[in-house]
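Construct the complete structure from the given sequences, taking the supplied hints into account.
Each protein sequence line maps, in turn, to chains D and A. Each residue of the first sequence is one higher than the one before, starting from 6 at the first, in the working numbering. Each residue of the second sequence is one higher than the one before, starting from 5 at the first, in the working numbering.
Heads up, some of the hints might be wrong.
Computed far set for chain A versus chain D, every beta-carbon distance over 12 Å [stated by the list, open to error]:
id : residue
1  : Arg62
2  : Gln114
3  : Ala287
Calculated pairs, PhoX-like style, for lysine-lysine (alpha carbon to alpha carbon, straight line, at most 25 Å) [stated by the list, open to error]:
id : chain 1 : residue 1 : chain 2 : residue 2
4  : D       : Lys103    : A       : Lys339
5  : D       : Lys118    : D       : Lys167
6  : A       : Lys14     : A       : Lys259
7  : D       : Lys261    : A       : Lys339
8  : A       : Lys449    : D       : Lys15
These aren't lab readings, by the way, just hints derived from the structure by calculation. Treat the numbers as computed from the prediction; the structure is a model and nothing was measured. From the three backbone atoms N, C-alpha and C, an ideal C-beta is built for every residue, glycine too.
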Amino acid sequence: MPTVEIPVEKWSGKIHEVRLGGQGRKEVVVGGENTLPFLHFEGSIPNPPVLAVEVLDRDPRDWAEPLLQAWGDVLKNPAAWAKKAVEVGANLIALRLKTAHPEEGNTGAEEAKRVVSSVLEAVDVPLIVLGPEVAEKDNEVLVAASEAGRGQRLALGNCEEKNYRTIGATCLADGHVAIGKTPIEINLAKQLNILLSDLGMSQDSLLMDPTTGALGYGLEYTYSVMERLRLAALGGDKMTSMPMICTVGEEAWRQKEAKTSEGVPDTWGPLAERALRWEEMTAISLLQSGANIIVLRHPSTVEKVQSAITRLMG
Amino acid sequence: MSMTGVQIYKFLPKTNCKKCGFPTCLAFAMKVAQKSIAITDCPDLSEESTLALESAARPPIQIVTVGADEKKIEVGGEVVMFRHEKTFYHPPGLVIRLKDSTPLEENLKQVEAVASYQVERVGMMFTVDGFAIENDSGDAAAFAKLVAAVAEKAPSPLVLMSTKPDAMKTALEKAGPLRPLIYAATTDNWSDMTELAKAHGCPLAVAAGDGLEGLAGLVEQVTGNGVENIVLDPGGRDYLSSLTQLTQIRRLALKENFRPLGFPVIAFPGEGTDSNEEESMLAGQQVAKYAGIIVLNHFSPSTMYPLLTLRLNIYTDPQKPIQMQPGLYPIGNPKEDSPVCVTTNFSLTYFAVAGELEGSAFPSWLMVCDTEGLSVLTAWAAGKFDAERIAKATKEFNIAGSVNHHRVIIPGHLAVLRGELEEELSGWEVLVGPRDAVDLGAFLKKSW
Ligand code: SF4
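Have a look at this one:
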């Protein structure tokens, strides 16, 4: 019999370990691995990828039917919604402060504080708070969220090049983790990590969002940028060694395939099934390219992806 | 794979006898590496070395063809671990499993459904590649009957699954000309299966349950017997063992040039999972991570479409991103009074813009200009996205025929083109949209 010597890479780098929650709240740790996703034969993977469920601060009336049906009445109340999300298996809650958007109500710091506090009270898992993705408004409501969650080690996003100073400073002041988001490009991602580090943020307080492309809508770009970031990190580049977060639910459910039941080919299959497959398939591929936190929308996806992660962790 | 002079030198007699016309064996090897002369110019090359050199010149992962004529699939031949390093060349074959213990009528219904399935994406048509037919009954006649029926109804790439050489033999009498993949040679039957593969010119799957060493050993026996077209089944079925084995096999082939495992791999996601949905997720992992042929126990449009889409995504050449066909695209049922937005045919830009329009309260028309696959700013800088081109496209796609207004929205980055475009398109009003697609919804609310 020929002898087979399994080639093992000697990586010099390691993904930074980032802690969320803690201090009375459940703690979730991501990162820490010194090999590619799930290659246990090669290195150590101390923490599995985790799943967050996206919760909005208002009734998501524009969401696709399968989501509305799955969650039902809790959609009217972020705290109740978050509670149910934890029941269906969310390791984290990703609270999106949608109403702060100038077109969605333009609410401000007060409302942000109220919602963040109510969700923090309702669940004992760590919280990710995401702004409306308008830089000035992000600054306003994320600073408010930061104060409301002082000591709870939240993750706050998104920092972009435009507003990283404000978000970074508030994270530093209140002991939170900042999420740097850049548009599917390895150098921009690295650059933002450098800027945030220069502010004084330590490497264990940063996550990066490489921007998620859904299945069929740019997934391959995200997939490859993530692989490249991860390879650079394992090669020893500390400024690409942040754990990665992917907003899979938001992107997958935005696509026609996850929303439309009329006027589409029969070969797409029924919406109720197809929409779920769209979210699942996006998630399973990005797990393979190095996602540490995946933000999902449908409870059934949480269950399925969790089961895949459990099996991949051996 | 081409070899370097030093690699070739290792196989030469190293006597420097000069019979080849070169002063040293190394000088000769260098010339061979440049392909300016043939290795056979050395008269003293041993037979062993000739064979070794031939096999070393093969690609690190053999390309294996399953099926005959136009419907055949080619798998293997990959040269990188990560798609960004070059590209993944040969998309894995997706085949649907049928069992000869299922009533024939039911099987034929499934064959009909699978064979007629086709779905369009970015202007391309995708279909399911073929069938895996399993001798679940253990009865050779039942197996041959189903194989013959499928071969007649849907002549396509097939995987014939039986460990019994006699059953395989009768099935091959029916379907041999379709060049099916014979699944599988095992430690017990490999000698007979090898003969069948040779007799019918078919590729042969080699399955060994006891780790990669056992598999490599069996492959050597099979190749020693003269079969070169091999597909590997390393035995792992669940998420983790599949990922582990497929990664290890790919690495051994590419990094160590380890011949016995330099072949495409067959995967059975349905055997490591409990439902159609989970099977499709594991199949998704295997599309991304290194499978050559994927045998699916279930078939349904709602799982097949995402899987085919993922395969297209992963196997797109990163150096040649998918371009959209230029034209006018309806996003969400637009009417005559709906907005018209202009963008490039770089697929990522298109997807970003289409996604935002889809998510906005405004069904819209999206006019995709031919910018040769460049994004907005790059295309503009390269002179491939100017007023002239936009005006030309507006006429070419007959925008005026689809809407009852004369207003177009151009990307915010192209604000400078506004005046020029209004001149080119007399009678049209040009609105300058936002710079980022995310702001489209808000923009339309305010300005449309
Ligand atoms: S003929 Fe062969 S052995 Fe002799 S010098 Fe040339 S390469 Fe070497």
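Now the hints, each set against the structure:
1. Arg62: Answer for Arg62/A: holds, closest chain D Cβ roughly 17 Å.
2. Gln114: holds (16 Å)
3. Ala287: The assertion about Ala287/A is violated, with a minimum of 9 Å to chain D.
4. Lys103/D with Lys339/A: violated (29 Å)
5. Lys118/D with Lys167/D: Measuring from Cα to Cα gives roughly 23 Å; hence the hint holds.
6. Lys14/A with Lys259/A: holds (19 Å)
7. Lys261/D with Lys339/A: Roughly 18 Å between the alpha carbons, so the hint for Lys261/D and Lys339/A holds.
8. Lys449/A with Lys15/D: violated (54 Å)
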